[in-house]
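A.B. asks: Please work from the sequences and hints to get the whole structure.
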Amino acid sequence: MQCLESSRIRDAYLDGEIDALHSVELEDHLATCADCRMNLESQRVLKGLLQNASLRFSAPVGLQDEILRSLTLAPPESPVKEAIAADRRWLAVPAVRWRLAAAGLCAVLAGVFAMLLWSRGHAEQRLAEQVVDNHIRSMMANHLADVPSSDQHSVKPWFNGKLSFSPNVADLAAKGFPLAGGRLDYMDNQNVAALVYRRRAHIINVFIYPASGDTSPVLTQRRGYNLVHWDSGGMEYWAVSDLNASELQELVAMLRS
Amino acid sequence: MDHQEKIARFEALVLRHLDSAFNLARWFTHNDDDARDLVQEAALRAFKAFESFKGNDGKVWLLVIVRNLFYTSISRKPQEPAVFDEEVHGAGEPSANPEVLLFRDIESRLVRQAIEQLGPEFREVLVLRELEGLSYREIAAVTNSPLGTVMSRLARGREHLRQALASYMKGRTGQKGNRNAVSGK
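Just so you know, the protein sequences line up as chains A and B, in that order.
Throughout, this note's numbering is defined as the position within the first sequence, counted from one, plus 402.
Throughout, this note's numbering is defined as the position within the second sequence, counted from one, plus 1467.
Don't read these hints as lab results, they were simulated from the structure.
Any given hint might turn out to be false.
With a straight-line Cα cutoff of 25 Å, these simulated BS3-like cross-link-like pairs (lysine-lysine) come out [what the hints assert, rightly or not]:
(1) B:Lys1515 - B:Lys1473
(2) A:Lys577 - A:Lys564
(3) B:Lys1521 - B:Lys1473
(4) A:Lys449 - B:Lys1515
(5) A:Lys449 - B:Lys1526
(6) B:Lys1526 - B:Lys1473
C.D. replies: Shown next as structure tokens:
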């Protein structure tokens, strides 16, 4: 053991807070090191001086009785106590404190609720942006459909193995919305199914991916495109097109039926 | 719990450590009146919070409240310990060991003064250890510090104390020697 380590455990040794092993090691060192031995001696004498009872202050006579009296006279439950406390520190009155706490809690809850609404709205807007982006890209890149087919029985199976879900695919040609094909797309950090319908010269993209919830269709406009968003049957749907809103909603109604 | 019963339990578990609470408060505040106020307020708070007292160590619990109250109520922060001036106090010479002889007949008044002059962080752990007999673990709990910090503060506090007392005593005997020398002329 070196002197440095010896001085580090010296106090624990003096205070009896050392384990037997270290104690033996220190004693071995002390046997050979006069400096450390002397230092320990000084500290031992000093410790004796500190434990001199006259250094310790005792509570003044009567303090305990005074405290006990104040506890007896003013139990926290009693109205007397509340009145006294109200005089001095209104915050110390439990009722006020509860009311304040309740008010504070309400404010916090309202804040959290507002945040949730805001972040929901925010997420919705972000998704709508992605939907429009995807729609535009699908028309620009000459890559409207991975599986160009008007046959729902070849489009639906095409998604098998490419997605972790199977979207409903309906051919609505008889109702004026012929299916143009299916495509794999990406939004909201996941692969989604994109179904492509036509209405005269207009292209309609319908994005489908799994979600929980059940909400009625909501129509919005963004950058000149109409968007309809809804959830049903464990799926989230976004229909987007430059088609007019009423015809787009007509398609949505058929997809939901 | 009935109110009287609660008071009786409080007295038996917590209030019986009133001397310890007062001792710590007195070393904190440096005067009787402030110490008295501090302890009284701490006792009231302890009583209010007594329902939440789960442990069986009423002493540590009460001392924690005294300490927190001292540092928070008066918006006092645990100060950085005063820098110990090695030049003024002199580094302890480990040559012979006259210190043991010097310390033998030192008055407790001087020891008290030397403790008062320590940095508050050193004073606190020394008071808790030597005057209150708390274990390292209990001191760590009261001061809300890691065990290692408690140990190093104790060691440094003692070292400062030793050097201060040694240099004081040497100065005093030195003066005595000079006076004798003068009177001997």
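A.B. asks: Are the hints correct? Go through all of them and say.
C.D. replies: Comparing the hints with the structure gives:
1. B:Lys1515 - B:Lys1473: holds (10 Å)
2. A:Lys577 - A:Lys564: The given pair, whose Cα atoms are some 29 Å apart, is violated under the 25 Å limit.
3. B:Lys1521 - B:Lys1473: Cα-Cα ~14 Å, so holds.
4. A:Lys449 - B:Lys1515: violated (37 Å)
5. A:Lys449 - B:Lys1526: Since the Cα atoms of Lys449 of chain A and Lys1526 of chain B sit roughly 22 Å apart, the hinted pair holds (cutoff 25 Å).
6. B:Lys1526 - B:Lys1473: holds (17 Å)
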